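Q: These protein sequence lines map, in sequence, to chains A and B.
Sequential numbering from 23 applies to the first sequence in our numbering.
Sequential numbering from 23 applies to the second sequence in our numbering.
A couple of the hints might just be wrong.
As the list makes no split between identical chains, a pair holds if one copy fits it or if it spans any two.
Mimicking BS3-like on lysine-lysine, the simulated pairs with C-alpha atoms at most 30 Å apart in a straight line are [said to hold, decoys possible]:
#, residue 1, residue 2
1, K36, K146
2, K146, K73
3, K439, K36
4, K36, K419
5, K266, K180
6, K73, K383
7, K266, K146
8, K101, K401
9, K266, K371
10, K315, K177
11, K315, K266
12, K409, K73
13, K266, K153
14, K102, K320
15, K318, K153
16, K177, K383
Because the hints were derived from the structure by calculation, they are not lab data.
No experiment lies behind these values; they were computed from the predicted model shown.
The residues making up each chain are set out below.
Protein chains: 2
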Amino acid sequence: MAISNIRYGEGVTKEIGMDLQNLGARRVCLMTDQNLSQLPPVNAVLNSLAKYGINFQMYDNVRVEPTDQSFLDAITFAKKGEFDAYVAVGGGSVIDTCKAANLYASSPTSDFLDYVNAPIGKGKPVTVPLKPLIAVPTTAGTGSETTGVAIFDFKELKVKTGIASRAIKPTLGIIDPLHTLSMPERIVANSGFDVLCHALESYTALPYNMRSPCPSNPINRPAYQGSNPISDVWALHALRIVAKYLKRAIRNPEDREARANMHLASAFAGIGFGNAGVHLCHGMSYPISGLVKTYKPKDYNVDHSLVPHGLSVVLTSPAVFAFTAQIHPERHLEAAEILGADIRTARIKDAGFILADTLRKFLFDLNVDDGLAAIGYSKADIPALVKGTLPQERVTKLSPRPQTEDDLSALFEASMKLY
Amino acid sequence: MAISNIRYGEGVTKEIGMDLQNLGARRVCLMTDQNLSQLPPVNAVLNSLAKYGINFQMYDNVRVEPTDQSFLDAITFAKKGEFDAYVAVGGGSVIDTCKAANLYASSPTSDFLDYVNAPIGKGKPVTVPLKPLIAVPTTAGTGSETTGVAIFDFKELKVKTGIASRAIKPTLGIIDPLHTLSMPERIVANSGFDVLCHALESYTALPYNMRSPCPSNPINRPAYQGSNPISDVWALHALRIVAKYLKRAIRNPEDREARANMHLASAFAGIGFGNAGVHLCHGMSYPISGLVKTYKPKDYNVDHSLVPHGLSVVLTSPAVFAFTAQIHPERHLEAAEILGADIRTARIKDAGFILADTLRKFLFDLNVDDGLAAIGYSKADIPALVKGTLPQERVTKLSPRPQTEDDLSALFEASMKLY
Chain A
23 MAISNIRYGE GVTKEIGMDL QNLGARRVCL MTDQNLSQLP PVNAVLNSLA
73 KYGINFQMYD NVRVEPTDQS FLDAITFAKK GEFDAYVAVG GGSVIDTCKA
123 ANLYASSPTS DFLDYVNAPI GKGKPVTVPL KPLIAVPTTA GTGSETTGVA
173 IFDFKELKVK TGIASRAIKP TLGIIDPLHT LSMPERIVAN SGFDVLCHAL
223 ESYTALPYNM RSPCPSNPIN RPAYQGSNPI SDVWALHALR IVAKYLKRAI
273 RNPEDREARA NMHLASAFAG IGFGNAGVHL CHGMSYPISG LVKTYKPKDY
323 NVDHSLVPHG LSVVLTSPAV FAFTAQIHPE RHLEAAEILG ADIRTARIKD
373 AGFILADTLR KFLFDLNVDD GLAAIGYSKA DIPALVKGTL PQERVTKLSP
423 RPQTEDDLSA LFEASMKLY
Chain B
23 MAISNIRYGE GVTKEIGMDL QNLGARRVCL MTDQNLSQLP PVNAVLNSLA
73 KYGINFQMYD NVRVEPTDQS FLDAITFAKK GEFDAYVAVG GGSVIDTCKA
123 ANLYASSPTS DFLDYVNAPI GKGKPVTVPL KPLIAVPTTA GTGSETTGVA
173 IFDFKELKVK TGIASRAIKP TLGIIDPLHT LSMPERIVAN SGFDVLCHAL
223 ESYTALPYNM RSPCPSNPIN RPAYQGSNPI SDVWALHALR IVAKYLKRAI
273 RNPEDREARA NMHLASAFAG IGFGNAGVHL CHGMSYPISG LVKTYKPKDY
323 NVDHSLVPHG LSVVLTSPAV FAFTAQIHPE RHLEAAEILG ADIRTARIKD
373 AGFILADTLR KFLFDLNVDD GLAAIGYSKA DIPALVKGTL PQERVTKLSP
423 RPQTEDDLSA LFEASMKLY
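So here's chain A without its partners, still in its complex pose:
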């Protein structure tokens, strides 16, 4: 496994101008979104670029929950700019968009579908050298600063997919907990749910030595390797932090200890799932986001309907882990205990139900919408949700328990109402 460089500490963003000098950067592309462009994290970066005389152009048109069109717009900007380094300041949407912009600007003759995951795209391996990318996360969820994954909404097919290659992993992630202090409550909650599911899914993913087919050449191994002794360490550690700090981080924006710990947990879980992979919650989340009707979440200042990624992931989690627990029930029980369940008298065969109940209680306490029905879906949507999950084989095949279309239908149905 490979891990990006990360730097952690309050205020470390102010060094970014020096980092770019050290990289010899002469034309920097700074990417962010319009909400962030006036906020302290971007200001901190701008001040440092000015202090060290770094020449840059800013692209602040990143779409929250990006699409193929919004990726292409950023790619066009990047190609024109002939940049020699990239800085992404934002949540997963910004960092992912910047990864794609760097990739396609570095491989200008490639067709967009060339690097998109198969079966939607061609899933070609990246062999061109990319420019350095420094990621400055402002949410505590995606872990994108540590991974080689960039996710977008493929509008034509109404499905989320992505690009996955170690080559697009950021050169450096700057984890500055000061940036999380400007996050509104629901963004803290939803991005925290992403951390929760990264940890739970990577810890329960198919073990690395049971994955098949096993490529004969190591260079052809996928970014997602299955759970392994290293990703397990990160997953459990991140889960413990979520259990201890997520509620505090949501309830009190001034709780620096909680927000700083969740910011680190996001990176830790990212290192874990970036190597092990995720499975059903993530695989099923992509159509839940992609098929959104009119849902507009609180605290997100956007002009389009959207289901925030973390929410789309966590709503199926009780059903998913009740389903997967028959494989490795002891890991499911361990996760439930970390999240607060009393398992002293638990029976191992109840592990799935116990973890599901623990998750339901956790979500209820945090005022999460009551299932898929509460965000606009009904039973009639299930066939489309299942159809949208099938192309996510890259992740769904990492589920410890194989699943049929009927299984997926049942999981969506069980997720319509949680409480």
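Following the hints, put chain B in place on chain A, whose structure we already have.
A: For chain B alone, kept in the frame of chain A given last:
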């Protein structure tokens, strides 16, 4: 922090020929030592090189506990060979020698002292590009496959020192637990003690945000950053594995689970200390090794006297942690508990004594020589041992508690006899 790539699994060494093909290597330098050159780990590499038609030259003259002279011999070989990739198969001595050979062959006009740690050398930053180096550890101790450190014995000054730069970190570490099955008992024990001390020292090292001076440019930060939230995860995880598996791994060469876990723990502790640093046990170990008189350890097939690195480190550990515990006593107590102490009624002010007693019992159970006296030192040697520790400021300054020369004398004196 940065972490090397590692690959883990029984038999993964057989892929090394493909890895070298993937790197485009045309002239490979294979380094090992004479004991290993006839053993299964080297055979596994040779078979893979043959299978994939990799052109290579073998250097099997690495000295166990290398010296400046033995480094220079390997460097001369590397310079002549004009290699485009390196493979190191062995313990820390081999991997460290290979790092040095790669560095100086890539920087042919540099003087040997240029990159050696100050104040003994000039401690210049490495700015030349190095060739890829794949490390295949055959012991479970050094963690050298994950670090940017190469240690040697400076004969003229009778002191151990080294080279420390992220630039010399291996490109890939291949952790193949099959290789540990050929390790004799005392090599398992002594290399395991190195893991134990890497974990204990990095967990108790000066915190990263209390280190000074704090370089104004991040590029000038030392490889050893002080304890931090990431290295803590690795240190504690490695310590738990040592507590569970080291005794089993020593006692039974057929205990694959124990030996595989110790092989991983070595890499995990390496990732931790490679970022956080070590402190007094390591700083004081260098003169203990460097001033060796006639001690010849069991199970080491060498023609010179030597104190194995892990033994030289662990013999002072009870005294060191009794000394450092007044800073962060709770961490010392936590470590004692992980190593088996019952701390339910412990007082926090006794943390140092409790950890020291726990370590003494641990070493006694494993038939470790009874202190520095048992390996040939007496009170009369203490001034020379202290003098040899002073140049190790790079690590000793990471001790949570500052120390005077009198403190060092007292620590050596307290380490003469353990039981």
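Q: A separate judgement is required for each hint: does it hold in the structure or not?
A: Structure-based check of all given hints:
1. K36 <-> K146: For K36 and K146, only the inter-copy Cα distance (26 Å) is at most 30 Å; the intra-copy one is 37 Å.
2. K146 <-> K73: between (40 Å within a copy, 27 Å between copies)
3. K439 <-> K36: Answer is neither: 45 Å inside a copy and 51 Å across each miss the 30 Å cutoff.
4. K36 <-> K419: So K36 and K419 pass the 30 Å test across copies only (27 Å; inside, 42 Å).
5. K266 <-> K180: neither (37 Å within a copy, 50 Å between copies)
6. K73 <-> K383: Close neither inside one copy (49 Å) nor across copies (57 Å); limit 30 Å.
7. K266 <-> K146: neither (41 Å within a copy, 44 Å between copies)
8. K101 <-> K401: Neither way: K101 and K401 sit 44 Å apart in one copy and 70 Å across, limit 30 Å.
9. K266 <-> K371: So K266 and K371 pass the 30 Å test inside a copy (27 Å) and across (27 Å) alike.
10. K315 <-> K177: within (13 Å within a copy, 75 Å between copies)
11. K315 <-> K266: neither (34 Å within a copy, 53 Å between copies)
12. K409 <-> K73: neither (52 Å within a copy, 45 Å between copies)
13. K266 <-> K153: Neither. Shortest intra-copy (38 Å) and inter-copy (44 Å) distances fail the 30 Å Cα cut-off.
14. K102 <-> K320: neither (36 Å within a copy, 67 Å between copies)
15. K318 <-> K153: The answer is neither: 36 Å in one copy and 52 Å across copies each exceed 30 Å.
16. K177 <-> K383: neither (35 Å within a copy, 65 Å between copies)
The structure fails hints 3, 5, 6, 7, 8, 11, 12, 13, 14, 15 and 16 (numbered hints given earlier, in ascending order).
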